[in-house]
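Residue numbers (the numbering used here), protein chains in the order written: chain U, 1 to 690; chain R, 1 to 124.
Hint data in this document are derived by calculation from the structure and do not stem from the laboratory.
Be aware that one or more of the hints could be misleading.
Not everything, but these chain R residues come out facing chain U in the computed CB check (under 7 Å) [unchecked claim]:
hint	residue
1	11
2	13
3	14
4	17
5	24
6	84
7	98
8	102
9	103
10	105
11	109
12	113
Simulated restraints, written as ranges between beta carbons of each label pair [as the list claims (entries may be wrong)]:
hint	chain 1	residue 1	chain 2	residue 2	range
13	U	150	R	60	52 to 62 Å
14	R	40	U	296	30 to 40 Å
15	R	73	U	238	49 to 59 Å
16	R	92	U	296	34 to 44 Å
Not the full set, but computed from the structure, chain U residues with beta-carbon under 8 Å of chain R [as the list claims (entries may be wrong)]:
hint	residue
17	260
18	263
19	264
20	266
21	271
22	274
23	283
24	293
25	561
26	563
All residues carry an ideal CB built from backbone N, CA and C; glycine is no exception.
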Amino acid sequence: MRAFRLPRLRKRLWLAIGALAAVELIAIILLVPVHPLLAAAAGAIGTLGAGLVIDRRIGRPLVATERGAGIIATTNPGHRLEVKGRHWLGRLPETVEQLGGAVARSRRELEEAAAAWTTRIEARKTRLETILREIREGVLVCGPDGRINLYNRTARELLSAEPALGLGRNINEVLNEGPLRHTLRLLEPREDAADVPADAELVCATASGERLLRCRVARLATDDPDTAGFVMTLQDVSRQTRSALRREQSLREAVEALRNPLTSLNTASESLRLAQQAGMAEDVARFSGMINEETHRLTEGFKALSTETMSVVTDNWRLEDVHLGSLVDGIKQTGDSTTLPRIQCRADVWVSAEPYLLSQVVEALLARLVADLGVSAVALSGREEGSLVYLEMNWSGDVIAPDELDEWLDAGLEDVGGTVTLREVLQRHDTTAWSQPDLSRTGRALLRLPLPGAPEKVRTTEVVPARPEFYDFAVEEAEPVRPLGAEAEASLASLDYVVFDCETTGLAPSQGDEIVSIGAVRIHRGQVMHGETFELLANPGRPIPSLATSIHGISDEDIADAPPVEEVVRRFHAYAGDAVLVGFNIAFDMRFLRLKQRRCDVRFDNPTLDALLLSILLHDHTGEHTMESVADRLGVGVGGRHTALGDSLTTAEIFTRLIELLPGESINTLSEAIAAQERMVEFRRQQRAF
Amino acid sequence: MYKNILLVDHESNLATALQFLLGHAGFNVTLASSYAEAEAAVDGMRPDLALIDASLPDRSGYDLCQALLARPGLQHLPVLMLTTRSLEVEREKALSLGATDFVVKPFDPAAILGRVQELLREAA
Numbered sequence: 001m002r003a004f005r006l007p008r009l010r011k012r013l014w015l016a017i018g019a020l021a022a023v024e025l026i027a028i029i030l031l032v033p034v035h036p037l038l039a040a041a042a043g044a045i046g047t048l049g050a051g052l053v054i055d056r057r058i059g060r061p062l063v064a065t066e067r068g069a070g071i072i073a074t075t076n077p078g079h080r081l082e083v084k085g086r087h088w089l090g091r092l093p094e095t096v097e098q099l100g101g102a103v104a105r106s107r108r109e110l111e112e113a114a115a116a117w118t119t120r121i122e123a124r125k126t127r128l129e130t131i132l133r134e135i136r137e138g139v140l141v142c143g144p145d146g147r148i149n150l151y152n153r154t155a156r157e158l159l160s161a162e163p164a165l166g167l168g169r170n171i172n173e174v175l176n177e178g179p180l181r182h183t184l185r186l187l188e189p190r191e192d193a194a195d196v197p198a199d200a201e202l203v204c205a206t207a208s209g210e211r212l213l214r215c216r217v218a219r220l221a222t223d224d225p226d227t228a229g230f231v232m233t234l235q236d237v238s239r240q241t242r243s244a245l246r247r248e249q250s251l252r253e254a255v256e257a258l259r260n261p262l263t264s265l266n267t268a269s270e271s272l273r274l275a276q277q278a279g280m281a282e283d284v285a286r287f288s289g290m291i292n293e294e295t296h297r298l299t300e301g302f303k304a305l306s307t308e309t310m311s312v313v314t315d316n317w318r319l320e321d322v323h324l325g326s327l328v329d330g331i332k333q334t335g336d337s338t339t340l341p342r343i344q345c346r347a348d349v350w351v352s353a354e355p356y357l358l359s360q361v362v363e364a365l366l367a368r369l370v371a372d373l374g375v376s377a378v379a380l381s382g383r384e385e386g387s388l389v390y391l392e393m394n395w396s397g398d399v400i401a402p403d404e405l406d407e408w409l410d411a412g413l414e415d416v417g418g419t420v421t422l423r424e425v426l427q428r429h430d431t432t433a434w435s436q437p438d439l440s441r442t443g444r445a446l447l448r449l450p451l452p453g454a455p456e457k458v459r460t461t462e463v464v465p466a467r468p469e470f471y472d473f474a475v476e477e478a479e480p481v482r483p484l485g486a487e488a489e490a491s492l493a494s495l496d497y498v499v500f501d502c503e504t505t506g507l508a509p510s511q512g513d514e515i516v517s518i519g520a521v522r523i524h525r526g527q528v529m530h531g532e533t534f535e536l537l538a539n540p541g542r543p544i545p546s547l548a549t550s551i552h553g554i555s556d557e558d559i560a561d562a563p564p565v566e567e568v569v570r571r572f573h574a575y576a577g578d579a580v581l582v583g584f585n586i587a588f589d590m591r592f593l594r595l596k597q598r599r600c601d602v603r604f605d606n607p608t609l610d611a612l613l614l615s616i617l618l619h620d621h622t623g624e625h626t627m628e629s630v631a632d633r634l635g636v637g638v639g640g641r642h643t644a645l646g647d648s649l650t651t652a653e654i655f656t657r658l659i660e661l662l663p664g665e666s667i668n669t670l671s672e673a674i675a676a677q678e679r680m681v682e683f684r685r686q687q688r689a690f
Numbered sequence: 001m002y003k004n005i006l007l008v009d010h011e012s013n014l015a016t017a018l019q020f021l022l023g024h025a026g027f028n029v030t031l032a033s034s035y036a037e038a039e040a041a042v043d044g045m046r047p048d049l050a051l052i053d054a055s056l057p058d059r060s061g062y063d064l065c066q067a068l069l070a071r072p073g074l075q076h077l078p079v080l081m082l083t084t085r086s087l088e089v090e091r092e093k094a095l096s097l098g099a100t101d102f103v104v105k106p107f108d109p110a111a112i113l114g115r116v117q118e119l120l121r122e123a124a
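Using the sequences plus the hints, can you model the full thing?
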């Protein structure tokens, strides 16, 4: 009677076995006397049939449940099990999904608890980040081996032409090595520690030679090897240096240009005196003419020298990209509220300006409106028109009389000691200000101040359709990667990766198809570094077929001004460095890159990992391995699909989840992951053969 | 006997006024405004002293200095270089390339006259 209390799964299993046994018994009884061989065949077919039923109803659903449970337990508690059709697992899949829900709830609770603890840490981190962001100089923090541990936004802007910039990369790949090494040696702790300076200054070029930076370097004095290293501030002196050289040259030329007329003047004066004494009327007239001529030359030379002298003062001002709205917000917050009018500001535009002096000018003008015209409220706006941004102050009342405005502009700025007038600041920005009635509203007046605009700060990413999947296993065999060395046994989570994707003119590089775009992002210590992306369009030197454009959306027009493919590949090579390269169906992208190696004089011998192959390896219960389905399975949002950078970012998020799952398959190190991947390649090859 | 002075400078007012002063002091002055003109002038005269501006329009005044000193009979020609560059290295360069002396513009005409007379005395 115990059998009647069996769970449904076991009951069905035993029923199937019982049915099989009964069929086989009947077959044997009926067929053995007639034909023993037929009886045996019937028995075998019966067993096979039962096996198929058991596999379909139990085996396959069980495998899908096991894989799904793995995903739920490790990466995506909300994952829905991919159990298809009827099965005999009863409520097992639902129970596993309920467990997933419970795990998700527990995880949320844990996260909430952790969040409370991390809030304080985050607050400190935010404070540090704010400080770093607000520091006008670039800041870089490096470990003792020169690996970059931290950098701020200004550093990223200053080093924007250096593709190697990134966390975990060596500073020597970003800055000219010699001067920095020399300076660090000066700062090395020695026995006569009293003579070791706390910091030192150097001027060095960036690795690409694009900029000249003044750096101040200080060693981080700590006993903890994890926090040892050095910190450096960076300041761009390229412009100042070029400007200083130009100024020096101009000044020298201006001074030298005075020497000849002065000499001529002296000599002609002396000659005139002698000619007058000798009563040589003709020579007197000749030398008088010369004196007039040389006096004129001297005057012109003096004017040139005077202009150069003026530029010595103003060339030291540094124009930056400034958000006008933020600048006005700063005035509202820090300005003297008793002297300023109520300000309503709509100025979401960028200008190229010396931020401090411009804010002083705006503040001074606002204060004058209050003090001299009794204006109580000003609507301040910024409007782009061509290369200029018009800053407009609008108020209810009369325009400022020209003479009065002249007086305002000729006044000194108090906060800079009154040595610089508003007009000088405006002249430095190649502009002036004027007042006029607001023609659109009676009774209102404007003060208009055109400023040089700054380039657009935000770029939108186009969304284009998908590229077809492409498999190619031959390339990996033909191109050996470099020996792995120490990284072979490093845990996957500790390695640096560069996840990349290429958009191309077609699928056959050997037949002339070319790269039109490369996008990439770094993964450092398991974190996708959204601030360290690489994205460049490349000019393939051939028309982009309309079919390719329909896939990735990049047209001939888009790449007309882009650098050639070779330049983009070289820059990507510098960006990638020694990192492990990761892609989704990476063989496709590697094939394009490797065909360019010789012409670009670079070598892509980095180890590679393929998110597609790893997904197939981990989730063999399903045949769904498109980027969208893998992302969906792992709980990854898909953004910017069909662009090189968008696909790279999605692949990066997928990859970070895959490496969390790999230990479940006893894959912990890079060498193990590569070996498993190679097994998958072999498996796919055999699949293809059939 | 009049001493011959070769004055090479493309600043025409200066050259004319200086020619007048030197002529008034009893010298026979031949003017040239370029390297080529100076070369041609020396073919028809034998200078006792040369006043050469360092920056000539066609070639450097230092080249002319060396070319004159390389001519037969002119190895000991006193050469007074005139220049608008006040750097100390310019003086070193002038003396190294064979010039006897070096004067930075602007100069006092009387001082130049005195220096010319002095150099001619030394050469004699």
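Honestly, do residue 40 of chain R and residue 296 of chain U meet the 30 to 40 Å range at C-beta?
-> 32 Å, holds
Proposed interface contact between residue 13 of chain R and chain U, which counts if any beta carbon pair is under 7 Å | 4 Å, holds
Against chain U, with CB atoms and a cut of 7 Å, does the hint on residue 98 of chain R hold up?
-> 23 Å, violated
Mind checking the CB of residue 561 of chain U against every CB in chain R and telling me if the closest is under 8 Å?
-> Status violated, d = 43 Å.
Would you settle whether the hint for residue 84 of chain R is holds or violated, based on the nearest Cβ-Cβ distance to chain U being less than 7 Å?
-> Since chain U brings a Cβ to about 4 Å from residue 84 of chain R, closer than 7 Å, the hint holds.
Per the hint of 49 to 59 Å, is the separation of the Cβ atoms of residue 73 of chain R and residue 238 of chain U within bounds?
-> 55 Å, holds
Measuring from the C-beta of residue 11 of chain R to each C-beta in chain U, is the shortest one below 7 Å?
-> OK, holds: residue 11 of chain R within 7 Å of chain U, min 5 Å.
Measuring from the C-beta of residue 263 of chain U to each C-beta in chain R, is the shortest one below 8 Å?
-> 4 Å, holds
May I ask you to test the interface hint for residue 260 of chain U with respect to chain R, counting a Cβ-Cβ separation under 8 Å as satisfied?
-> 5 Å, holds
Do the numbers back the hint for residue 293 of chain U, that is, is its least Cβ distance to chain R under 8 Å?
-> Holds: closest Cβ of chain R sits about 6 Å from residue 293 of chain U, inside 8 Å.
Identify whether the interface hint at residue 271 of chain U stands, where standing means a beta carbon of chain R within less than 8 Å of its own.
-> 4 Å, holds
Holds or violated: is the Cβ of residue 17 of chain R closer than 7 Å to a Cβ in chain U?
-> 4 Å, holds
Of the numbered hints stated above, those contradicted by the structure are hints 7, 8, 9, 12, 25 and 26, listed in ascending order.
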